[in-house]
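Those protein sequences? They're chains A and B, same order as listed. Under the working numbering, read the first sequence as residues 1 to 113, first letter to last. Under the working numbering, read the second sequence as residues 1 to 113, first letter to last.
It is possible that some hints are incorrect.
DEER-style ranges, computed between Cβ atoms [to be verified]:
id, chain 1, residue 1, chain 2, residue 2, range
1, B, Gln57, A, Val12, 26 to 36 Å
2, B, Gly62, A, Gln17, 21 to 31 Å
3, B, Gln83, A, Gln17, 42 to 52 Å
Per the computed footprint, the stretches of chain B lying under chain A, defined by three or more beta-carbons under 8 Å from a beta-carbon of chain A, are [said to hold, decoys possible]:
id, segment
4, 35-48
5, 102-112
For the record, the hints were derived by calculation from the structure and aren't laboratory data. All C-beta atoms in this analysis are idealised placements derived from N, C-alpha and C, irrespective of residue type, glycine included.
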Amino acid sequence: NAGVTQTPKFQVLKTGQSMTLQCAQDMNHEYMSWYRQDPGMGLRLIHYSVGAGITDQGEVPNGYNVSRSTTEDFPLRLLSAAPSQTSVYFCASSRQGATGELFFGEGSRLTVL
Amino acid sequence: AQKVTQAQTEISVVEKEDVTLDCVYETRDTTYYLFWYKQPPSGELVFLIRRNSFDEQNEISGRYSWNFQKSTSSFNFTITASQVVDSAVYFCALSEDLGKLIFGTGTRLQVFP
């Protein structure tokens with residue numbers, strides 16, 4: 001059982017570069033979301049999706065794009081990386097939306113120089 | 001607007017002590033869900049409990065117990081007879097709808113032998 005798979009686990013970028021964090025789940029969950037975790041800030045919601053073709057913004061969406069073309073995949077794109085986007089990113093999925101238990105990926109540590 | 005406050009940034013105890021982690025939430029909805037998640041030093045996020053706003057019964061699971069009080073908007077978590085393996089960051093979270101789960105900033109618990 002793979003659950004929620006995030007890639008890459010580690011990435012170093014230069015300011016201005018773009019990249020995509022991949023997230024895939026094999027549990028047929030309709031709901032998927034992206035969080036970033038920063039020291040002292042807890043987890044903050046970036047974007048979420050309640051099903052294929054539907055996405056919406058969370059608390060801190062600026063600088064990030066998402067799309068949901070399939071139930072399984074929910075990639076997070078950084079269009080022009082900034083040092084402020086240095087963080088640990090977690091993807092999560094749930095059977096019952098944000099009101100259900102979230103299953104998290106292992107996290108992706110991103111450093112922007 | 002949703003808000004979750006975990007005022008205790010860090011707690012240190014000696015093994016076998018009982019410890020309570022506080023969580024205070026704000027919401028305008030009458031229907032909402034509360035959660036606790038654990039993040040051990042390895043970094044993954046582990047679901048502990050989910051409680052809806054209509055169920056104020058306290059819950060006990062082994063050494064873990066949760067005290068939900070709507071009158072004080074609190075959902076506190078107690079670990080009885082703490083163990084070194086309980087050392088982790090614990091997050092309280094709140095959801096009002098299918099889209100957004102909002103986390104507190106977390107409480108780091110250190111249990112010393």
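Exercise for review: Look at the Cβ atoms of Gly62/B and Gln17/A and judge whether their distance stays inside 21 to 31 Å.
Suggested key: violated (47 Å)
Practice item. Take the segment 35-48 of chain B, compare each residue's beta carbon with every beta carbon of chain A, and decide whether three or more fall closer than 8 Å. Key: holds (count 6)
**Study point:** Verdict on chain A covering the segment 102-112 of chain B, where coverage means 3 or more residues with a C-beta closer than 8 Å
**Key:** As far as the segment 102-112 of chain B goes, the hint holds, because 5 residues have Cβ atoms under 8 Å from chain A.
Check your understanding: Between Gln57/B and Val12/A, is the Cβ distance one that fits in 26 to 36 Å?
Key -> Given about 48 Å between the Cβ atoms, the range is violated.
**Study point:** Gln17/A and Gln83/B - C-beta distance against the hinted 42 to 52 Å
**Key:** Because 44 Å falls inside the window, the suggested range holds.
Hint compliance for this structure: hints 1 and 2 are broken, all remaining hints hold.
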